[in-house]
Structures are given as structure tokens and as C-alpha cells.
Amino acid sequence: MLETPAGPPGGTPAPERAHVTIRGLSKRFNNVVIYDKFDFDIPRGTLISVFGPNGCGKSTLINMIAGLIPVDEGEILFDGKKLSEIKFGYVFQNYREALFPWLRAIDNIEYPLKVMQVPNVERRARSEKLIANLGVKIDLKRYPYEMSGGQQQLVSIMRALIVEPEILFLDEPFSALDYEMTLFMREQLQRVFQETGTTTVLVSHDLEEAVYLADRVLLLSRHPALVADYVRYDDARPRTDATLSEPEFIRVKAHCLDVFQREVRKG
Amino acid sequence: MLETPAGPPGGTPAPERAHVTIRGLSKRFNNVVIYDKFDFDIPRGTLISVFGPNGCGKSTLINMIAGLIPVDEGEILFDGKKLSEIKFGYVFQNYREALFPWLRAIDNIEYPLKVMQVPNVERRARSEKLIANLGVKIDLKRYPYEMSGGQQQLVSIMRALIVEPEILFLDEPFSALDYEMTLFMREQLQRVFQETGTTTVLVSHDLEEAVYLADRVLLLSRHPALVADYVRYDDARPRTDATLSEPEFIRVKAHCLDVFQREVRKG
Amino acid sequence: MKRFDPLLPIIGVVGLIVIWSFAVWGQVVDPVLLPSPTKTFWALWKGMNGGALGFDFLKTVQRTAISILIAAAIALPLGIVLGSSERLYRSVEFVIDFFRSTPASAMFPLFLVLFGVGDKTKISVAAFGAMLVILFNVAYGVMNARKTRLLAAKVMGASRLRVLTDVMLLESLPQTFIGLRNGVSLALVIIVVAEMFIGSTDGLGHRVFEAQQLFEMPDMYAAIFAAGALGYGFNLLFLLVERRFVHWSGK
Amino acid sequence: MKRFDPLLPIIGVVGLIVIWSFAVWGQVVDPVLLPSPTKTFWALWKGMNGGALGFDFLKTVQRTAISILIAAAIALPLGIVLGSSERLYRSVEFVIDFFRSTPASAMFPLFLVLFGVGDKTKISVAAFGAMLVILFNVAYGVMNARKTRLLAAKVMGASRLRVLTDVMLLESLPQTFIGLRNGVSLALVIIVVAEMFIGSTDGLGHRVFEAQQLFEMPDMYAAIFAAGALGYGFNLLFLLVERRFVHWSGK
Amino acid sequence: AAQDKVKVGVFPVASTLPYFVALDRGFFKETNIEVETIRLIGGPPNVAAMISNQIDAAAVLVTIEGMNANLKKPGVAMYISLNSQNKTYQMEQFVVRKGFEAKTLKDLKGAKIMSAPGPANVTMAKAALAAAGLKEGDYTIDQLDMGQHVNAMVAGTFDAGYTLEPNASTMRKMGVATTLEAGVIAHYVLGNPEADAYVGGGALTSEFIKTRPDVAKRFTAAWAKAVDFINKNPKEARQHLLKNTFTPPDVVDTVPMIKYVMAKDLTAKDKQVYQKFIDFSVTTGTLPEKIDVTKYLQTF
Ligand SMILES: Nc1ncnc2c1ncn2[C@@H]1O[C@H](COP(=O)(O)OP(=O)(O)OP(=O)(O)O)[C@@H](O)[C@H]1O
Ligand SMILES: Nc1ncnc2c1ncn2[C@@H]1O[C@H](COP(=O)(O)OP(=O)(O)OP(=O)(O)O)[C@@H](O)[C@H]1O
Ligand SMILES: [Mg+2]
Ligand SMILES: [Mg+2]
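Protein chains in written order, with the working numbering: chain U, 1 to 267; chain B, 268 to 534; chain F, 535 to 785; chain W, 786 to 1036; chain Z, 1037 to 1336.
Treat the hints with care, as some may be off.
Stated by the list, open to error - Cross-link-like lysine-lysine pairs, in silico, DSBU-like; alpha carbons within 30 angstroms at most:
no., chain 1, residue 1, chain 2, residue 2
1, W, K939, B, K381
2, W, K905, B, K304
3, Z, K1209, Z, K1295
4, W, K831, Z, K1108
5, Z, K1148, W, K905
6, B, K381, U, K137
7, Z, K1279, Z, K1041
8, Z, K1041, Z, K1331
9, F, K681, U, K141
10, Z, K1253, Z, K1209
11, U, K253, U, K266
12, F, K785, B, K304
13, W, K1036, B, K381
Stated by the list, open to error - Which residues of chain Z face chain W? A few of them, derived with a C-beta cut under 8 angstroms, are:
no., residue
14, A1105
15, T1159
16, L1180
17, T1193
Unchecked claim - What the simulated footprint calls covered on chain B by chain U, stretch by stretch (three residues with Cβ under 8 angstroms from a Cβ of chain U suffice, anywhere in the stretch; the number is not a length):
no., region
18, 414-426
19, 438-445
In short, the hints are calculated from the structure, not lab data. Since we're looking at a predicted model, the values are computed, not measured. Positions of the beta carbon are idealized from the N, C-alpha and C atoms, including for glycine.
Work the whole structure out from these sequences, hints included.
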């Protein structure tokens, strides 16, 4: 475990109170064990990056936390709240299928507000603010199936950001975005996180991105998924391009890569 | 245009004979002009990387070349052959929907051979060879919908590679693969290309990858898509990790990024 | 070519008439039993222009329209609710398949007693039959809906009801329209049969029955043709509505 | 809970019988017209155990099975071909919707002339009716198929025929099963109606008609119940086959 | 004063004639009755409507069906008049296709025969054929919806048929079939071709008679007047068929008429003959048990 001196003094730092507590989680798919008595905490107000090989169970994990697929055994607790009381933001890995093809892009983005019964005018206002914030220039009057892959993913991200979710799940959210857009959305995510402190779980195959955005990087091993390492990266935000060349960043990144490669080659 | 001294002597190099010739191509979607009198050649036996902002028309272009969506105007010629005579390999950007959910992964991979009426035994032999070659360890007896996103994409790539296609289209083929797998598949692609010399079009948002693999990088601008630049990168294959730090590579990459950013900021 | 697409159905009509003409011309069937298309269309023309057929036609349109409205009003919400839980659907499947497979005409006496001797009986039998078909299709549309979208709505905090109306309803729309089109054809068939066999003083079924009794074959086929064309018309109506609203199917 | 899932249909049966009992008990309908479930099941039991009903039941099963086989054999390939080209389908849509909307009973005279009074007429009318419904569903299944998969097959060099059999056929399977289930119910209804109205000496329709003429209401409802249960049985059969083969729907 | 309303189930066939005469000639109106014609095709819907009191009367109801209903719920069908058919007053008859050689029923050996639908009709046809010396197996018999009879004859699907008027007249008129023997029931069941076979009649529900006896009485009076008119002016009366029933105009003048008798005019002998007819149906199993027909005759 990498301990950085940047933590606030006085034992456990304040944001360390667990927002999500996972205990004894087990999950099988047709006799293939994905999780076996898995324990894990997501501290409130942190951004956790999840990094691991294909098929190790990253999507499965956040799907189980969000209550989208049932667990076989074990429990997932939300700091006293019930699952149904929690508002999630979620960018699905298969963003294409998660958008509603009968709604125009703009209505897809505003849909979570509609669910929350926000009045029409306010909905429009908030989506316009978001669009302005992100500097989105694409025509959002179109239907999802009339958009390119990257545009669809962008819509999907906007749909997750328009509400102030209590927990935000991002499952490879930038995989289809172009170079410029990826960098830009990273910054946006950083800004949103800084402003709201929303507990966030980010799945990414880009290690630089994973470390750059994270408070902690969860490294998973292949089946059954185990915590290979849970690495802290405590650099102050906002992090910038300069961060990428700081020795601490490079060290953490290299360490993560080491662990990952060791795990992958083991399997 | 960047001219490198690595080209063979004697004027136009031999592999420069156009395999695909695009002339006066126009395409509109509901009055939005995507291509307007677009001219472009894909030389035989080269690997072209296409790099451009989201929604500029990359997928649309290769879909039109493969005859999957109709062109509004203009013509696409295949060096004397008819479209129907050409065997394409194709990894779709939406690989999830392009797999057949009623076939197990292995049967999805072998399907192109079935189309070519390769006998059962040989099909199995070839797929086993491919699996061994790629060192794939996942269980291919499963159905696509029982696999993780990256596993599905891997199956999709394998399906494109199992035949020896005349032209290979790869639309962001590694977007869902993990770090290790992405590197590995890049090498595989390079090897396949070196061995077979298949004309290949690769769409990628990873500039390093695009340049690393390419003979030429096609840089597209936003609507209507224009050739912003058509950059040559002639380093000998196999290229290795060391290539990434060669000055020529760094120069080409930097140049591409420049052009791209200029184009994006223009729009 | 696209310009001529609205004319495509004409091909079907013409094809039908050509086969019919050949059957008549080749005496495959006694001409008394199967009159020529010309004779039939003459009967149709006369009947529709001031003849009784026009009135009967309107009566049948009206009855069918009412019954399909009732059927849809019941079947759409019920189908969505049933379809949203596979176990719920399986528990009532017996009843649905049961009644879908019993001839409505065998049910006439029962409905006669429940709804009286007037139009109500015919309309309710037809509505009942159509309702089952629509219900079946809607429920299936909901059950086969793509799971990812349901999950997306669920995770955004949509209530069960919201998921029903905002996602399941729309996901099942293509299937629902198939159900509606099946349903309206069935309703029309039942209305015509009821007009024939329970008895009625108007409607296309009455006209078919009367022509049959009087052995006026051109009149009978004119009435049958009117019924078939009406069925196509209703189907076309739903098709146009579907085209207008369900733009995303297959995408 | 899952263990009890096969028992779910029982709920529907029980529900039906409870409502029926209440209707009888509350005298909603004159008991002569709607006998009690006990009386009916007694008649059913007697009829099936050595009575004529058992034989009639088997006859109807046989006719329905033959007609659905014929219907499927024609409608499946034809539906896929028609569905594969929307313009082709639109051009014959009139004929399909036309005949779907004309009561099969109005077609009896024509079929009677073509096929005689024997089983052939009944089976062919039923096959015709079921064929149209299956055709309609299969064609729609193909038309609404996800385009990406068709394109994937096309780009791999699959011939038109291959795309039809390898992709469209499978893409339309969920819809095809809906069509088959609709079709088998319709075939059963038509067979029963034909047994009622065109000469027959056996079959459930014959039994219903005879019981109706003799006002043997328990016998009549027993025969109707047998027909409904048979319909459910056929539907269940298709459902099980579907479950076995179409594992991917909604995924 | 408002007129008394009576709902009548009407099956538009020739034997409904008294109702149409009374209606068209204003006999009901004269007695201050307003009838509502409810078209119901065939026996079962009429009986169902009578049992549930949706109608007060049936303009024509086959007596076997009426008795059957009375067995299930006594008094559902109270006959106020009966229709008789026999060799003179033709209704049910055997016809043979043009080109099929047959002079008597005996000659139907080996023939494909169609029958009017329902167990009552089939039994009757079989009884007649048996009386003529033909065993089952000597012929085939299929029941067929009445609407298909002419078609089937034209198409030559059958050699012979046990059919009813006006189908038989239509067939004769078209020249596709000839009548072999009419008055089958009278001949083979009652033993005399000229006997009165009381096959149908007009009926009221007991409920109607009990709750509005006065109206029922007036209704019956109007009915009687119509019957009287028919018997006296058959030529004029048959014109009513044209407008009200499915009788083609070209046969309306030749279609045979049946005889109508009010219940009050039946003699003791008539009642015996009526009882004999119904008893026969009991022996053949068409009716489940014996029933006294006189109990269900209504006179005022
Ligand atoms: N419905 C299912 N049935 C059977 N196996 C499944 C199913 N869904 C997922 N799996 C298996 O569970 C494992 C974990 O899947 P998951 O989607 O969570 O992987 P992941 O870590 O998100 O991978 P990726 O990076 O490729 O998205 C995989 O091996 C996958 O094959
Ligand atoms: N069916 C359609 N109807 C309308 N517009 C469409 C349709 N398909 C694509 N477009 C538009 O055409 C443009 C080009 O789309 P295309 O999918 O080729 O982009 P791309 O370059 O592949 O982008 P990405 O990198 O996001 O995949 C986009 O602006 C998109 O919105
Ligand atoms: Mg995943
Ligand atoms: Mg694209």
C-alpha cells in the first residue's frame, strides 16, 4: 500500500467514512465464480478508479452496487440508506443501448430530470447550462441512432451529469470520444467532482486517466476478482498537464502497471 | 505533406497502385452535408489510419466503401473489381450489435468461413490456430451476451481476422480492450499486416496507435469532411516500443496533433 | 423509384384480380359460384352508390371501430402490466390462450345473455377477441424488450410506474402495432360473423348472409370484398400511425 | 420461489373457475345457459373417459396439427422472403390484410367447391387463415430486424440467401413464435367453426354444435373447454420450443 | 296512449310469414302493440334470448328446440300457433342433382347426401332412408350449413340432399336439382304423406304471458288475424316474403307455402299427431325425455 504524506492530520481522514460497504459479496455466472466473498469499501466523496483486465468483473461490480443485477451472496450497504433512496448517475459501457431511441438526444439528457419531476422550464434551463458548460456544439435535436458513436457516448455522459447524483458510475465513459473530447471531458469530470464531491466510480482501461482522476485506484485481478491492490493517489486538485510529469504521478502509475501486469500474466 | 526519404527509389513506389478509388463522393444526412465531392485513394497493400473528431464521418466513410450505406453521389472503384467480388474484414464500431447472439462466440468467429463454405474440420482447425496465435484464454463456448464488453470486442476482431480479407476495416477496434490486450492486439495487427499485406483501414482515436500502425494517416476535418492532411509514416516494420521514442515518430505524431487541433478548434 | 412507392399496394390488388380472372376464365370454379371480377365490382359499385351496401359498410366500420377502441383501451395498460412481470404473465397465460383458442361464435349465446340482443353483444364479442390478441402481443413486446434500457431507467431512479410508461410502453410499441393490426382484423372478422350468425338488420355480415341466402353471388362477393378492403384500410391506418410514431425500429 | 414456477398456470385456471363459479352462484346468467363448473367438468370427464368427446378431441387435434404444419411450411420461407424487401411486402400487403380481414367462414363456399366436403376443406381453410397470420408476423419480424447484424453478414460476403437463412430467419424468430402461437389458435378456431358449420361427423366443433342444438349446455361447455385447453396446450408447446431455441431475446 | 312494446326474435325464413303479415298489414298496431323486430339467426340464439327474457316472443321456433328448452326450463316457449308441413305444404324434402338417376328414395343407394344441419334434421333424413330400406353405409350423409346447400348442389359436391325451402325452389329454378320427395316427416314418421307435421311455430315466453297477460292476448289475436289472412289469401300473403325474407324474387311465386294453425284451433287429433312427432324425437334421442306437448300450447 502506498501511503502519501498529503493526508490530513489526525488519524483517519474525514472523507474516509464509507459510502458504500461491500461485505462477503459472491457472484457466479453459470458456475464461473466472478466474486467470492469480496469485501470492499467506497469512501464518501472520493473518486475511485477501477482498473483490471477484460472480463475480470468491473461492470458486474458496479451493476451489483447499483442493484441492476442480483448478488448471489453478501450485502451492499449505503451508509444507512436503502438502495431505492439513492440517486445514481450511470454511464453504461454499452451506452448505445442504454439511450432511448424514441427520445431526441436533448430529451434523453433531460430524462433524469423528468423522472425527478423537475418542471419543464427548469429542465430546459439546466440542460442549456450543461450544454454551455461543456461547450457542446452537436445538434441535440437528433435521435441517438442518427449520431456517431462518440456523439452517443457524449449524450450518455451528459445524461449522467445533469442530475446531481449521490453516486456516479462511469463505465469506460470516454472510450469512443476523440482525442480532444477525451481530454476535455476528463477536465469536466474533475471540475464536477471538485465542485460537488460526489462519490464516483470510474472504470477505465487508460491507466494515465485512471490515476490522473482518482483518489484511489482499485486494481482487480482476474477470476475470481480479488483486490490486487488499492492504491492511494492524493495529489491536490485541480490536477493539470503538469501533474502528468510529476514524479509521484509517474511512480503511482508505474506501480499500478506493475501490479496489473503481474496479475494478468499470472492468470 | 511530409515526404520521408524511406520510400523506394524510382518515382511512385510500387505499392502505390490504388486499391480503392473514391471520386466525387457526396453524402448528406437530412440536409447535413457529411461529404461533398470527396476524392481519395487507398493504395493497395497499405495500412491507412483515419483520425478525426467525433462525428466527422469516419464510420460513414468506411461503411460507404464497404457498400453498407448508399452514397448520394460519386463513385467508389476497386481496381477493376466489383464490390460484390470483394471479401471484406470488418470490425464494427458497435461490435456488440454486430455479433450474432444466437451463435456461441466460437461459431461467431468461424461464421465467415462458413459463408465461404470452408468444411467444418478446416474451420475448426483455422479457428484453433487463430486462438493459439492470439493466446486467447477466455471461454469461447459462451454466447456474446454472456461476455464482458472487451471480450465481445475481442471476438469481433477474431471474426475479422479469421478470413484473409482483401480489405480490412477496423472501426475503433481496441476501444474496449484492457491495457495489456490493446498492446498485444496492436502487435498482432502489425504482424498480420506484415505477413499478408492486406489493405487495411483503421479508425482510431489514439493518435499514438494510429501513427504506430500506419503507412499513412488520414486526418479528417469536421463537416463537410475534408482531407485536412494525408501524412506519410514510412518507418520499417516491425515497429517496436523503441519506435515510440524515435524522433521521426514523435515528429509525425506531433504534426498530426497540430493539424487535428487546428481543425477541431476551427469548427 | 421511391416516388412510386405509395402505388405499390396496387400491385397486390391487380395480382389478386388477375388470379381471380384466370380462375373464372379457366372455369376452375363454376361461374355461378365465383362471379367474374367485373360483375362483382359492378355489384360493389351499385351497392356503394346509393345501394344498401354503403350503409351496411358504414355500420360495420362503426362497430369495428368501437370494438377496437374498447379492446385497445383495456389491452394496452393490462398488457404492459402483465408483460412487466413474466411470472404474472405465466399465471394468466392459460386464460388468455384459452379464450384466444375458443371460437368467438361459440361464445355468442353467452355474450347474448350478458349484453343483450343489440349491437352491444356484437361489439363486446369482437372487443373481447381483439383484446386478447392485443394483450398477448403487448405483453410479449414488453417481455422481449431490451433489458439495458429498463436498467438505465431504473438506475436513474424511475419508479416502477415510470418504467412502465416511459420505457416498456415504448419498447413494446412495434409489437403493439402488430397486435393492433392483428386485433383490428380479428374484430372485423368477428363483427361480420356476428352480423351473419347472431342476426342483424344491417352491416356487411348481414349483406353477405342475405346475398348467400338469395344466391346473389356477385352481391356476396361484393360484400366480402368490401369487408376485406375495409380490413386493409384499418391496417393501413395503423401502419401510417406506426410509421409516424415508431421511427426507431431495427435501429 | 422459482421451484413453483411451473405451477403458475394453475393460478389462471383456478381464477377462471372461481369467476365462473361466482357467476353461476350469483345467478348473473340463467343456470340453464351457463352450467356450473362442476357440472361441466363432470360432462368433460364423462366425455373424455369413454364418451364421444375423447374421440372428437383427437380428431380436432389431428386436423389442427396438420393445418398448422402446412401453414408454417408455406408461411415461414415466404414471410422471410417478403419481409426481406419492404417494397415487396408493401406490394402484397393488400392481399394479406385483405384475407386476414375476411371471415374464414365467408370463404367456406369457395373452399368447399375447391376441396369438397371432407377434411380437406376444413384443413385448407384453417391452414390458409393461419398461414396469413404467421406470414404477417414473420415478415414483420424480418422487417424490424436489427440492421447491424444484416450488414455484418453482408460485409462478410454472405449471399442474399445466406443472409435470409442465417440472419433474418434467426432475427425474426421471437416474432415468428408469436406468429405461430397466434396462428395455431386461429387454426384451431377455424377448424372448430368449420366442424360446426360444414358437415362433419366428428371433432370438437361438431360436438359443440350438436350440444348447442340439443341444449345440452354442460356438454357444450365441456367441448368448448376442451377446445380452449387444447389451444393452451398448443401454445405451451410452441412456448417450450421457443424457450429452448430463442435464448437471446431482449439481450 | 303509448303502445305496448313487444320484443320479437325473428329468424327471417318463410315460416315467419304470419309475423310479417301482421306487421306489414298493421294488425299489431290495431291492437295497440308496437313490436320490436330483433333479428336472431337460428334456434340457439332465440332460445337463449327467451330464457334470459331478452325477447318476449319468437316468431318461429322449431318445436323440437322449443320442447328441449321447455325440458330445461319449463314454460320458456309457449306455442300460440303451429306450422304444419307435408307433401302439399312443402318444406323439408329430398332433392337430387340433375343427372343423378333416382326415382324414389331407394335409388339413393351409393349416393353422397347432404343434410340440413343439426341432429334433428340428420335423424329425420336417416329415418326416412331407413324406411326406404337403405342401411347406414349404403349412402354417406354430411350435414351442411343451410347457406351452403345451393352452392354445393351447383358445384356437384353431393348427389342428393335433405334440404328445406326456399333452397329447394332455388335449386329447381336454377335447374340444378329436382325434388325427389317432399313431406318426408309426414310420410316416414307420421305414416301418411298428407299428415300434419308440426315442425315449428310461433311462441311466447311464460314470463311475458304472466307479467303482461293482456298484451300477450292482444298479440296472439293479431297473430291469429294474420294466420287467417294467409290461409285465405295465399297469393297476396306470399308477397310479404319478398321484402322480409331471403326469398329470391324469381321464386317467390312458386315457393311452396306451409300451413299455419292457431293453437286454439288444434283438434284433439291434431294434438295427438303433434305429440307423436315429438315422441319420435325422444325415441331417436334428439330429445332427452318424454314431454307433454299440450302443456306448452297457449290459448287465450
Ligand atoms: N450474463 C452473463 N452470463 C454469463 N457470464 C457473464 C455474464 N455477464 C458477464 N459474464 C462474465 O463475467 C465476467 C465479468 O464480466 P464483466 O462485464 O463484469 O467484465 P468487465 O470487467 O467489465 O470487462 P470489460 O473490461 O471487458 O468490460 C466475464 O468473464 C464475463 O464473461
Ligand atoms: N442515420 C443517420 N442520420 C442522420 N445523421 C447521421 C446518421 N448517421 C450518422 N449521422 C451523422 O453523420 C456524421 C458522421 O457520422 P459518423 O458515424 O460517420 O461519425 P464518426 O466520424 O464515425 O464519429 P465517431 O468518432 O464518433 O464514431 C455525424 O455527425 C452523425 O451525427
Ligand atoms: Mg465492462
Ligand atoms: Mg464512428
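Status of the hints after comparison with the structure:
no. : hint                : in the structure
1   : W:K939 <-> B:K381   : holds, 13 angstroms
2   : W:K905 <-> B:K304   : violated, 64 angstroms
3   : Z:K1209 <-> Z:K1295 : holds, 23 angstroms
4   : W:K831 <-> Z:K1108  : holds, 20 angstroms
5   : Z:K1148 <-> W:K905  : holds, 16 angstroms
6   : B:K381 <-> U:K137   : violated, 45 angstroms
7   : Z:K1279 <-> Z:K1041 : holds, 23 angstroms
8   : Z:K1041 <-> Z:K1331 : holds, 26 angstroms
9   : F:K681 <-> U:K141   : holds, 25 angstroms
10  : Z:K1253 <-> Z:K1209 : violated, 41 angstroms
11  : U:K253 <-> U:K266   : holds, 20 angstroms
12  : F:K785 <-> B:K304   : holds, 28 angstroms
13  : W:K1036 <-> B:K381  : holds, 24 angstroms
14  : A1105               : holds, 6 angstroms
15  : T1159               : violated, 11 angstroms
16  : L1180               : holds, 5 angstroms
17  : T1193               : holds, 6 angstroms
18  : 414-426             : holds (count 6)
19  : 438-445             : holds (count 5)
Figure legend: structure checked against the earlier numbered hints; hints not met, in rising order: 2, 6, 10 and 15.
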